[in-house]
Every structure is written in structure tokens, then in C-alpha cells.
Amino acid sequence: MKIDIQEVCGKKTVTRDEGQVINKILTEQWDKADQFQLDFGNLLIASVSFIDEAFGKLALCHTSEDLQQKLVFKNMVPYDRKLLNDIIISRLRQQNIETRNACRSGLRKNGEISAA
Amino acid sequence: MVLKYPRRIVVATSNRVLNYSQQARVSQDNQIIFDLGNTTEITPFGIVLLAGTISECLSQRKKVRYYRPRNLQTKNFLSGIGFNNFFRLPDENQKIESSHVQLRRLDSIDYLLTEQIVEVFNFAITMSEGLQGSLTMAINEIMTNAFDHSESAKGCYVCAQAYLKLIRLCVADFGVGIYAKLAPKYSQVQDSYGAIKLAVKEGITTRQSGGFGLWHIQRFIEVNKGQMSILSGDGKAVWDYRGPRARLRKQTMSLPFVGTIINLEINVDRESIYFLTDGEGQIF
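Line order of the protein sequences matches chains L and Z. Okay, so the first sequence: first residue is 103 according to this note's numbering, each after it adds one. Okay, so the second sequence: first residue is 1482 according to this note's numbering, each after it adds one.
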């Protein structure tokens, strides 16, 4: 599945709410799609909020291997790629049984994973 | 009981002030007097300890009297960091300083407060977005420890001060302490100091996951050439990276302190950019 970030978000790539638009697509299609090709068109995002909400929170639910297998980040500027890695690694550290169960149960509240 | 506090209420005088704190908490006296008349220097370490101790005494229904420092600067500092406000003390010269994180007692994680702390850090040093996010998570984990690990229903006390070229942040809880939590799971732990040292190692936790908060912060402090002190039980460990040679100092308290205090001193450094190293791994 191809997702053109600029097409979906336009210039709205800053806030958590805006990141949630992408997260929602990924979460809803996670089991259906083999792979997500996320094309950034070399757009600089540089927002920890957006990237954390869109992709970081997926790392509370899935393993590093799953994420690598499913997500392909294309045309991403080096700064954003570094930021993405920082965030994903930090979120992977936070992952535990509670966050994984919450993901499975789909218990999401205001963008935060709540304990099951 | 009258507790005449020393001129300096700082990490360096922790043996004495923690002793006072324990004495006040276990005292059978109905009235405890906290006399800061002679105090000329108090840091966030002293403030959270004093606030927690007074709160404990009040919850034990002891009568508490508090004598303010005579030193005007110290008196104004306490006012500016919200100490008077915390206890609703009358305060004519109250002027809240925005460069500080006001004294607070937390019953649960407060993400806004963490953001505020990182904002104060960010004012002092240039951090990458990634490091800001990572530090935020580390601070959240420290606070989660204070609630979960400490088994303290009294929450934790937090405040921070931006002063000249230094930021001081202190988080304290009056729970069971690090040794009591780690000893049942890690048999190699022999005493409080050993438990503190172990708690800072990567992946050490009594939760199902975590154990990266203190480890991550210690690494940050190392790069920043700052100082991290952890006090719990009769143990005190100070990671001091300020001089040319990094060192870990050990001290044994004369009277065990029931609780845990984490004190950070971070250098203001706007010249360097702090970010997570590539060694952290690149998965994308």
C-alpha cells in the first residue's frame, strides 16, 4: 500500500492530531496490507509530535522486526530519518505486555494507549 | 523538637539534612520546628526534601512551625520556586520565577510537567528533537518509578531551578526505597548503595519492562559533564562528571532515609547539540 504523505497531509505535518491521521490509516490497514510504502517526497517534517503520533506509537504495539517488514520510508530527509529512529527506538523500549494488550484490544484514548 | 537547619541545604550536606528528615518523621513529639533561620543556600534537593518532610509530619497530625531564612535572597528564592505557595504561607513578596519548575507534589504521572521540565532543559541546552523525546520518556520513567516502585501513597515531590549556568532538578519520594524493591528480584544486591548502582544499569527494573530511565539519564549527564546523585536508604551514590576524571562517589548515611531522592545537575551548554548516537541503532 502506497501512502503519499504530502497528498494525505498537505502541510499538516506538525501536531499530534495531524500525525493521528497517518496512524489511523496504518492501524486500520495493518493486518490487510503486506507493506506500507510511505513517501515523504523529501518534505522536512522535523516534528517529534507528528512522527511520534504517526509512527512512534506503532512501536508500542509491534516488534522491531514487524515494523521493519511493514514500513518502508521513502524519500525521507536524513534529519527526519534520524528523528524517526530516535522515536521508534525509545517507544520500543516502552513496549510491554500492557501496551501490547491495549493495542490488541484497540483501547485508544486521545491518542494515548491506555492500559487494558 | 527543634531542627536547626545548616547554612547549606544541598546534596553535599545530605547526611545531616536527611538525618533531620528521618528524625522529624519518626519523632514522638507533637510539635516539630523547622528552623531555616541560618540557611543561606538551599537547592531543589533541599526544597523537595523539606516539603516532603513537612508534609509527612502534617499527615501524622503533628504541629509544624517553620522559621523562614533570614537571608533575603534565600527567602526570595523559596518564594520564587513556590515553596510558600505550596504550604499556603502568607507571602508579601511572592514573585514566581518562570525559569524554575515550581515545587509540586504529584500523585500520578503529569505529562505536562515533564514537558515543562524538558522545556527548561531545552532553554539551557540545544537538544535534538529525538533527544527531547527520549529525555521526556526517561523523566516519565523516573516518575513512574516514584509511584510504582516506591509503593508510596504519598506521591512524589518535584522541582527544578535554572541558575546561572546550571539546571538543578530533584525528584523525591518517601516510599520503601530502591533496596527494598530490587533485593527480592536481584540476589546480588547486598545493600542500599549496591541497589542504587544496580538501578542505574540498563534494563534493571521490577516492572515487566522499562529500566531505561536512570540509565539513559546517567548517559546524558555523562555527556553533559554534569552530576547525578541518588540517595536511598543509607546509600548515596554520586556520578560526578564535572572534573577531568569522571568518578562515582559512595557515601553511607548515618541514619537510613526511607525513600528515594534523585538529583540532577545539568550544565547550561548552548554551543553543543545533543542527540542520540547512531550506536542506538538505525532500524529505518
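Quick caveat, the hints were computed from the structure, so don't treat them as lab data. Ideal Cβ placement from N, Cα and C applies to all residues, glycine included. Treat the hints with caution; some may be incorrect.
A few chain Z residues that don't get close to chain L, going by computed Cβ distances all over 12 Å [what the hints assert, rightly or not]:
1. Arg1488
2. Phe1568
3. Thr1617
4. Met1618
5. Asn1621
6. Glu1622
To give a feel for the contact side, a few chain Z residues facing chain L, derived at Cβ under 8 Å [as the list claims (entries may be wrong)]:
7. Gln1504
8. Val1507
9. Ser1508
10. Gly1724
11. Phe1765
Hints, verified against the model:
1. Arg1488: 42 Å, holds
2. Phe1568: Consistent with the label, Z/Phe1568 stays out of reach of chain L, its closest Cβ about 33 Å off (over 12 Å).
3. Thr1617: Given a closest Cβ separation of 9 Å, the condition is violated.
4. Met1618: 5 Å, violated
5. Asn1621: 9 Å, violated
6. Glu1622: Non-interface label fails for Z/Glu1622: nearest chain L Cβ at 8 Å, not farther than 12 Å.
7. Gln1504: 39 Å, violated
8. Val1507: The hint is violated - Z/Val1507 has no Cβ within 8 Å of chain L, the shortest such distance being about 36 Å.
9. Ser1508: 40 Å, violated
10. Gly1724: Given a least distance of 30 Å, the restraint on Z/Gly1724 is violated.
11. Phe1765: Constraint on Z/Phe1765 satisfied, holds at 5 Å.
In terms of the numbered hints stated before, the structure departs from hints 3, 4, 5, 6, 7, 8, 9 and 10, listed from lowest to highest.
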